[in-house]
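Okay, here's what each chain looks like letter by letter:
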Amino acid sequence: MRVTWDIFCTVVDNFGDIGVTWRLARQLVAEHQCAVRLWVDDLRAFERLCPAIQVDAARQWQQGVEVCRWQGEWQPTASADVVIAAFACQLPDAYLEAMAAREQAPLWLNLDYLSAEDWVVGCHGLPSLKHKNVQKYFFFPGFQAGTGGLLREGGLLLQREAFQADAAARSVFLASLGVVPAPDARLVSLFAYENTGLASWLDAMATGGTPTHLLVPEGRVLADVLRWLDLEQMTPGMVQVRGALTLQVLPFVPQDDYDRLLWSCDFNAVRGEDSFVRAQWAARPMLWHIYRQEDDIHLDKLEAFLHLYTAGLSPDARLALQGLWRAWNVGGEMAGHWREAERHWQEWFEHAERWCLEQASRPDLAAALVQFYRNWL
Amino acid sequence: MKTGKELKPGTVIRIDNDPWLVQKAEFTKSGRNSAIMKTKLKNLLTGYKTETVYSADDKLDDVILDRKEATLSFISGDTYTFMDTTDYTMYELNAEDIESVLPFVEEGMTDVCEAVFFEDRLVSVELPTTIVRQVDYTEGSARGDTSGKVMKPAKLKNGTELSVADFIEIGDMIEIDTREGGSYKGRAK
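So the protein lines, in turn, are chains A and B. When we follow our numbering, the leftmost residue of the first sequence carries the number 11, and every step to the right adds one. When we follow our numbering, the leftmost residue of the second sequence carries the number -3, and every step to the right adds one.
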């Protein structure tokens, strides 16, 4: 009998929640032979990541995952063996009762957001509330031993290495997106929230000595790009040139293509959680735009990651990276930090590869969840 | 009912009909993660201990406890003996039962504490919000700062370390806010 999993996801306001749960669901099916239902409250957001999604279907199969629309009145449904409430979403009351009604209680997990903060290690895997006979546990992804690890599909790094070693494959992929960079151009991807620091970064790239081809997948930062260009609109495929900077808007691509985009670029600006992790597996220098929170509490999370991530860098390269990331995350002046970053390019590049291998030496999140279930049994 | 965020050392909650004493509670809120309270719990019937994590808005059954005023009588090893100030009854607690306030418990202290009872059994002790302690050791003032904004480390008689204002000297009496782990409040008047 295949172990059954129900993953519940409420899409808050971005693609991170559905991005993580969709990736996890696919991996549990493909690599751990689990039967997975993914309950999603916003199939339109999901459609951007998985264009095959039928937004009106109550139930459908996508890549081996049973995708269920989680809207309106809850219909009686038997509980799975493992139940994941992603990012502390609230399960339907009737489903909680269904969990309690099982002869053997299911494993109930709250899969939380990713954080590099130390407290995560002390809280990962601990029990929490009970609903009747069903015990909930907190499960934290993370970068350190003692956490749930990061989502990483089997063979991902081999695929990435093969792709990055194959210039023709890169060219064919980029051409499929309509991207034909100049031979000497540095390729940069930009996926971010609105950011007042963007204009100064674009200024720096436009006036810099290295030709840069900036790829901007459709998203929230595009409005800032248009403002800098003094344009009303850019549709996917359109290209604009300002000095040494070529800007090109890309369509929002499915997850697998986004991976290849990250692998193709020399530098990736990413945001939130899912693209942030994927940029690390791309093993290229990167810049993280963290999800902003009230009272700037997200900055503690940023600093915790910077502390871990920059540990292996030389003091100068570390300061440069910290300066760039901090400026980006407060919407500050970027030009000086970018010029400083360019001085450490090679070290950042080598460091990104080392960091990737270090993280890949730990069990991935899906494997950790499956192991947690086996131990719990 | 208590929410996860309201849990604090000395609270007793009911899980599966058993009373569990909160011995330690650490609140965390960061980024988009759930606001959580990590707790160290002790089963008052079996003595079994465990750690748990609750979301800040989780609802938990709390147990109504009796509270009485008590003072510390003496310390013997890891055993702390408190006396009911009204009927002079003596009660003993282990160090781990008062882990959260232990840094500010010292021989000879005269603070009137709140003793927490579950079914006539002393399970915990809470200190007043503000206590006064003597600084046993600190370095001299490095910068001559009198504003109270520059801080330096200091040690109390029982070895507890905390940050105090730069102008505080050895032997000074200081006020300490005992909430959330304890912090320097000012020089005692």
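Since the hints were derived computationally from the structure, they do not count as laboratory data. There could be a bad hint or two in this list.
To be clear about the criterion: a stretch of chain A counts as covered by chain B if any three or more of its residues have a C-beta under 8 Å from a C-beta of chain B, and this derived list gives those stretches [said to hold, decoys possible]: (1) 28 to 42; (2) 134 to 140.
Not close to chain B: a few residues of chain A, all C-beta gaps over 12 Å, as computed [stated by the list, open to error]: (3) 54; (4) 146; (5) 175; (6) 183; (7) 252; (8) 304; (9) 309; (10) 314; (11) 385.
Backbone N, C-alpha and C fix where the C-beta goes; we use that ideal spot for every residue, glycine too.
To see whether the hints hold, each was checked on the structure:
Counting residues of the segment 28 to 42 of chain A whose beta-carbon sits less than 8 Å from any beta-carbon of chain B gives 0, not enough to reach three: the coverage restraint is violated. Residues of the segment 134 to 140 of chain A with a Cβ under 8 Å from some Cβ of chain B number 5, which satisfies the need for three, so the listed coverage holds. Against chain B, the non-interface label of residue 54 (chain A) holds: every CB pair exceeds 12 Å, the least being about 21 Å. With a closest Cβ-Cβ approach of about 9 Å to chain B, residue 146 (chain A) is found to fall inside the 12 Å limit, against its non-interface label.
Listed as a non-interface residue, residue 175 (chain A) keeps its Cβ farther than 12 Å from every Cβ of chain B; the least gap is roughly 36 Å. In this structure residue 183 (chain A) is separated from chain B by more than 12 Å, as the shortest Cβ-Cβ distance comes to about 32 Å. Every beta carbon of chain B lies more than 12 Å from that of residue 252 (chain A), the smallest distance being close to 34 Å; the non-interface claim holds. At roughly 10 Å, the least C-beta separation between residue 304 (chain A) and chain B is not larger than 12 Å, which violates its mark as non-interface.
Chain B draws residue 309 (chain A) into its interface by the beta-carbon criterion, the shortest separation being 9 Å against a cut-off of 12 Å. Residue 314 (chain A), annotated as away from the interface, has a beta carbon of chain B within 12 Å; the closest lies near 8 Å. Every CB of chain B lies more than 12 Å from the CB of residue 385 (chain A), the least distance being 16 Å, so the non-interface label holds.
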